[in-house]
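Colleague: Build the full structure now, drawing on both the sequences and the hints.
There are 2 protein chains.
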Amino acid sequence: MKKVLVVGGVAGGATAAVRVRRLDEKAEIIMFEKGPHVSFSNCSLPYYLGRVVESKEKLVLMTPESFKTKYNIEARVNQEVIRIHREEKTVEIKNLETNEVYKESYDVLILSPGANPVVPPFEGVNLPHVFTVRNVADIDRLHQYVNQSNVERIAVIGGGFIGVEVAENLREAGKVVTLVEYSPQIMAPFDEDMVQILHKEMLDHGIQLIVGDGLKKITENAIELNSGKQVEAQAVVLAIGVKPEITLAKEAGLEIGELGGIKVNANYQTSDPSIYAVGDAIEVYHRLTHKPTRLALAGPAVRQARAAADHIYGQKTNNKGVIGSSSVKIFDLNCAVTGLNERAAKEANIRYDSVYVIAPDKVGLMPNSNPLHFKLIFEVPTGRILGAQAIGKGNADKRIDVIAALITMGGTLEDLKELELTYSPMYSTARDVVNIAALVGLNILHADYKQVHVSKVRNLVEQGATFIDVRENHEFESGHLVNAINIPLSELRERVDEIPRDKPVYIHCRSGQRSYNAVKILQHLGFTNVYNVSGSFLGICLYEYFTDVTTSREKIVTDYNFK
Amino acid sequence: MKKVLVVGGVAGGATAAVRVRRLDEKAEIIMFEKGPHVSFSNCSLPYYLGRVVESKEKLVLMTPESFKTKYNIEARVNQEVIRIHREEKTVEIKNLETNEVYKESYDVLILSPGANPVVPPFEGVNLPHVFTVRNVADIDRLHQYVNQSNVERIAVIGGGFIGVEVAENLREAGKVVTLVEYSPQIMAPFDEDMVQILHKEMLDHGIQLIVGDGLKKITENAIELNSGKQVEAQAVVLAIGVKPEITLAKEAGLEIGELGGIKVNANYQTSDPSIYAVGDAIEVYHRLTHKPTRLALAGPAVRQARAAADHIYGQKTNNKGVIGSSSVKIFDLNCAVTGLNERAAKEANIRYDSVYVIAPDKVGLMPNSNPLHFKLIFEVPTGRILGAQAIGKGNADKRIDVIAALITMGGTLEDLKELELTYSPMYSTARDVVNIAALVGLNILHADYKQVHVSKVRNLVEQGATFIDVRENHEFESGHLVNAINIPLSELRERVDEIPRDKPVYIHCRSGQRSYNAVKILQHLGFTNVYNVSGSFLGICLYEYFTDVTTSREKIVTDYNFK
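Residue numbers (the UniProt record's numbering), protein chains in the order written: chain L, 1 to 563; chain W, 1 to 563.
Treat the hints with caution; some may be incorrect.
Said to hold, decoys possible - As a list, the in silico DSS-like pairs of lysine-lysine whose alpha-carbon atoms are at most 30 angstroms apart: (1) W:Lys89 with L:Lys520; (2) L:Lys450 with W:Lys320; (3) W:Lys2 with W:Lys103; (4) L:Lys520 with W:Lys70; (5) L:Lys58 with W:Lys103.
Claimed, not checked - Here are some of the chain W residues that sit facing chain L, going by a computed Cβ distance under 7 angstroms: (6) Leu96; (7) Asn368; (8) Pro371.
It should be emphasised that the hints constitute simulated quantities derived from the structure, not laboratory data. Virtual Cβ for every residue (Gly too), placed ideally from N, Cα, C.
Modeller: Have a look at this one:
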């Protein structure tokens, strides 16, 4: 009879324990959790703040009792595994309620300790109104604290998934929320062009957004930033990031990887073959960069846990590595991303190009048809799809899941172009935005025409480049680039003489489709130096949102009807 | 200068014409449409009846004027192409307004005539209150007619996409609607187990649903069915199916395929290389059955049109055939399907198996979390994915689009199991329903355990087979199979002696997950003849919906909380 110990519950640990039971009815399985809850919905924690989840009890998915009766698994809560004795195959456990320390032996040990919030030694970091969010107890403390009548202003430090979700939920609960992010943008998985939509969404919903500035110190009623700026805050939430919890593994002499996570082989065994490790604490292989990476995501944790359990029982695993897919709702926007963004592709020294397409998420005359912003990254010259980002009020996660499937299967732009997706006017268009992106990508890959990205527009405008705006007059009049020439597509053929042939010409419309037609017309008429502005006017305005090249923020919002 | 004529507008014709223009600014392009509208949203027509689309003008997407100004394409409406003279490369056109007949020459001819509603010679079929739905004029006539005060009861004949959408929209407009389908089920792309959910949805929303009965004759105020049943109806909509419009092609001596569609080669050329054909009128290659098929879908039409235009200009096409993906909203349910269903797999003589999984569409504690019914068909013994069907209040189209991507790329259960989809509690679960289906499928493929399908349950019950219901007592008491033994999963280990070892035992719970655990436990305890009921109690009840094995329809709805 095998004795299997599991360190840590939640996604990784609980899945591993349950899978072991399915494979072996006779195994003795003990799961240790240092907190009071062995299984809770990690990713749902922020939603308790915004009252989307009505009670903290609902966050708890399984109790030790249900593990016992359903799976014959002993789940011991408030018990911290403090040491591994690899030679004698035992662990030392501290009962946090009684402080008693005892030992358990194992045949196999599965580590799923997760990751801890990063808490740098800021001045004031230990004040009682400073919080992190890792488990039900954390969120409960924060929830109780912010619901005191005198807590109105809250600062959230860190613009990653947790920071953004916490900020949103506190805002929905009626708080005045400041979100502070050290780098120039929130939500690092999105590129700087796409992320401006999210910056706008945060601002539009009353979040005080500060990017490019870091926390310096915390006082009783305020935070001070590196810039010297003071922000009033009766509560501070630190959501700066997480680091793998490797103390136990390190002390036991298990190998640690180059990124600071526990190193595992293809079967999720650590350097000690009797000890497996899964979840946020480990390093995994990235199938696109071919390098180690870390992912703090529930989906991969669950798959790793199952694979580890399978391997314990002699079943082969099929470890192809990860691509990194994630999604988040930010107020009215659905946001999803998979694979590499531009930054990651650059870092990995992969030759790539990208397209930015804005297309209706469903047939325009259906209720709630909205533009979906979609960015596709592909390898040059193969056209292999590397990543995608989607943001909109509609079904962004669908589009990204489709791209995730294609990336996993090694799909190319040609595959995506031909992809036969379901179509109903309620759900999409006959040629879905992902198909359109593939068509545009193929045009770029085969140099059928040239594009510039919205991030280059400001410089070009300042250098006096020639921009042709092919929208209709009334669209042009409601707001446009400085010095742009307005020649509606419908008049282009007859007014072609107004366009200079001796210098580069940059064409845009609202979303990039009419300008693409204009570019093709001009090419056929012998123009050799014509560029389409990828993302077009919608993209330009979003990109320039904070910097006001042509107009003020309020004016952009009003004129261009972003809402 | 090339002269390109296009017969038929809408998806196929208009796309081909526009693509030709992008490739060739100088070509002369004329598009002929016999109706008054050259470009309209075909798939949105039924939504005008339900006032989802508020005006018929909105259904029209592009006018002849906009084709002229934007694309320099001449779109001639109310002009019917009545003959092709292949030797002299001309067509004869009849101006339906003036009855004048004239000729146009072509270098290339593109046929996109679409498909016509099937109208068998029923008695009364030509009465003025009998309608078909093919274009804006049709839907306008129907809309005007049913909005007369004396039209309250409407019969829709045919339970395919159009029939169902028309029935739904008329019902939403307050009409008493009877939907008549000749075969035993509506919506043929769904298998008989899955489709019961749709039958229920139609009934729950007040549609008078009649399946397994056909139209015999139409009188002024009623229809009569083959069974002799009379149904009062002041209007009748025929949505029996469509047949390819091949008159022109046939008369011109172009080759017609075995299924009655225009035969084309890989480049969408007909047997005359100067004549291309695209859209609903042609036969296409099915990449899973490797046989010709017909598809009346906008997505493939648009791709074919582009490919044809590309080929005219010397670009290679990449014709991998079709898999057939479609989706439809039916009242509160989103429904989508891709690839082969069981019927199609059988017809194609492909060895397959299937799994039926019911899982939450998002994390259970999030608002609007609902069960998603998901069926996956895979090849035996390779595990290659052949098709899928999804129905639920949540994001069914997402799951099917992911499967469509996998099918296109030749993906297997193993690929689907590992598929790294985006996860946020708002959109899905850490292990999405599609991943779960792959895990169950692999278990079945590798004979890790055995399953029976819900369609077999009735016979087994009647033969006195042993059913163990492992739901909790209170679930069991609110409704259960006749003679089922209730042993909750949590009591299974201690009550295992109550289970017979000398005969087959069939285990079910609510959705199939607890019963899977029970099956594994029993297997480990030496039981060799244990089956999991795929789809479990939810599936059984839905399947038995019309036949009332254990209880009446009302009781099922009340007890089992299907709503």
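Colleague: For every hint, state whether the structure bears it out.
Modeller: Structure-based check of all given hints:
Proximity of Lys89 of chain W to Lys520 of chain L is assessed by CA-CA distance (about 29 angstroms); at most 30 angstroms being required, the pair is judged to hold. The hinted pair formed by Lys450 of chain L and Lys320 of chain W meets the criterion: a straight-line CA distance of about 29 angstroms does not exceed 30 angstroms. Between Lys2 of chain W and Lys103 of chain W the CA atoms are separated by roughly 17 angstroms; this keeps the pair inside 30 angstroms, and the hint holds. In summary, the hint linking Lys520 of chain L to Lys70 of chain W is supported, as the alpha carbons are separated by about 12 angstroms, within the 30 angstroms threshold.
Taking the CA atoms of Lys58 of chain L and Lys103 of chain W, the gap is about 74 angstroms. The hint is violated against a cut of 30 angstroms. With its C-beta approaching chain L no nearer than about 27 angstroms, Leu96 of chain W sits outside the 7 angstroms limit, and its interface hint is violated. A least Cβ separation of about 11 angstroms between Asn368 of chain W and chain L goes past the 7 angstroms threshold, and the interface hint is therefore violated. Given hint, Pro371 of chain W at the interface with chain L, is violated; its Cβ is 17 angstroms from that chain's nearest Cβ, farther than 7 angstroms.
Consistency note: the structure conflicts with the earlier hints numbered 5, 6, 7, 8.
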